[in-house]
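With the sequences and hints as input, model every part of the structure.
2 protein chains.
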Amino acid sequence: MQAPSQRTQVKRGRKRADYDPQLVKQIIDQSLLCHVAQIHDGYPVVTPTCHWRDGDMLYWHGHTRARNLYASQGQSVCVNISQLDDLVMARSAFHHSVNYRSVTLFGVPQLIEDESEKRRQLELFVERLSPGRWQQLRPINEQEMLLTAVIAMPIHEASVKVRAAPPSDDDEDYGWPVWAGVMPIQRQWGDLQQDPKQTEDKRYPLPSSPVNGAI
Amino acid sequence: MQAPSQRTQVKRGRKRADYDPQLVKQIIDQSLLCHVAQIHDGYPVVTPTCHWRDGDMLYWHGHTRARNLYASQGQSVCVNISQLDDLVMARSAFHHSVNYRSVTLFGVPQLIEDESEKRRQLELFVERLSPGRWQQLRPINEQEMLLTAVIAMPIHEASVKVRAAPPSDDDEDYGWPVWAGVMPIQRQWGDLQQDPKQTEDKRYPLPSSPVNGAI
Numbered sequence: 000m001q002a003p004s005q006r007t008q009v010k011r012g013r014k015r016a017d018y019d020p021q022l023v024k025q026i027i028d029q030s031l032l033c034h035v036a037q038i039h040d041g042y043p044v045v046t047p048t049c050h051w052r053d054g055d056m057l058y059w060h061g062h063t064r065a066r067n068l069y070a071s072q073g074q075s076v077c078v079n080i081s082q083l084d085d086l087v088m089a090r091s092a093f094h095h096s097v098n099y100r101s102v103t104l105f106g107v108p109q110l111i112e113d114e115s116e117k118r119r120q121l122e123l124f125v126e127r128l129s130p131g132r133w134q135q136l137r138p139i140n141e142q143e144m145l146l147t148a149v150i151a152m153p154i155h156e157a158s159v160k161v162r163a164a165p166p167s168d169d170d171e172d173y174g175w176p177v178w179a180g181v182m183p184i185q186r187q188w189g190d191l192q193q194d195p196k197q198t199e200d201k202r203y204p205l206p207s208s209p210v211n212g213a214i
Numbered sequence: 000m001q002a003p004s005q006r007t008q009v010k011r012g013r014k015r016a017d018y019d020p021q022l023v024k025q026i027i028d029q030s031l032l033c034h035v036a037q038i039h040d041g042y043p044v045v046t047p048t049c050h051w052r053d054g055d056m057l058y059w060h061g062h063t064r065a066r067n068l069y070a071s072q073g074q075s076v077c078v079n080i081s082q083l084d085d086l087v088m089a090r091s092a093f094h095h096s097v098n099y100r101s102v103t104l105f106g107v108p109q110l111i112e113d114e115s116e117k118r119r120q121l122e123l124f125v126e127r128l129s130p131g132r133w134q135q136l137r138p139i140n141e142q143e144m145l146l147t148a149v150i151a152m153p154i155h156e157a158s159v160k161v162r163a164a165p166p167s168d169d170d171e172d173y174g175w176p177v178w179a180g181v182m183p184i185q186r187q188w189g190d191l192q193q194d195p196k197q198t199e200d201k202r203y204p205l206p207s208s209p210v211n212g213a214i
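These protein sequence lines map, in sequence, to chains A and B.
Counting in numbering that gives the first Met the number 0, the first sequence runs from 0 upward without gaps.
Counting in numbering that gives the first Met the number 0, the second sequence runs from 0 upward without gaps.
Keep in mind the hints are simulated off the structure, nothing from the lab.
No incorrect hints appear here.
Mimicking DSSO-like on lysine-lysine, the simulated pairs with C-alpha atoms at most 30 Å apart in a straight line are: (1) K24/B <-> K160/A; (2) K196/A <-> K14/B; (3) K10/A <-> K117/B; (4) K117/A <-> K14/B; (5) K160/A <-> K14/A; (6) K14/A <-> K196/B.
These numbers were taken from a predicted model, which means no experiment stands behind them.
See below:
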């Protein structure tokens, strides 16, 4: 599959590269955290933030004066969404690697001005984190809507890099007497910790976990 | 504690901000992955990469033509190192949050030209990932050294943001009948998976896990 633009063309490790929109969306959906890079006052700034997806658009939100929204005025940004899956322990230092899933997006984000669309996106965000929760919450009010900015970016200009394999050593090194293989990083949801301000006799339904096992 | 520069001054959520160098180093050491933002051809690019630290310097490496080394010619970069620890489930959508540890660094990285220092840093990198391993590996050769660039950046210009707390709701919302609290994300090392090309009768010592429980 072809890269959608020159800047998404993966330069190093092309055999690990892909541009399949379904794979892009899958990796976006599996992660809760993205990193947004913008140019501000001439220097690069990268900000971690939580994202969500609706169709072919990526979304994030913030306080209307937050740093992750600098580029809301039509400036190009770059977003990376990565999960580190394994350390890959080879026979030589040079062939040590990591297994990972990574998406890099380029695009121009836009503020969502339409009030009902903004509200709908915030609902999608909460529902992604915990399906069924939006309706259980104290409803969002006008002041909160004013303080919350939601930004949308098309996910068309995207590249994927994935590595998911044992070590790849030089042919002559496979007999080298050192353990080789992968050290997996596991992520899971721990036991829910109820707010100490809710006394134990308040037995509300427990929140559900994020959609698609995203973590 | 004062921010070391104007651009490290945290704008939003100042009560979660810190500039303590020891805390900066601790969060750097706890993570294996960083995100490096650079300007390339006038647009921002963010690249995930593995980092390590030696004293007051942050290091990463790559193929000599890799994208994470664009800025090796004296250009300012921004690096973020973040761990997402919990989803924070409040009574209102607006007060939903996440618990996290995040360091943001600004600086000008430099290529390490000195051959013995470069080799020493690559050893520190491998030893951070698995203490004792460097000596067990097939020794690094001249060609591999030529293909590997190591970049160093001072970690002086740094800010920290940390949130580690239950939800913080509006006073009048504490009685709202919805479960509130945190959903912890746990990370751990899974069972080692030996390279299928090493037959089971080859019982080499197992690799050790990263220093300081970094993950």
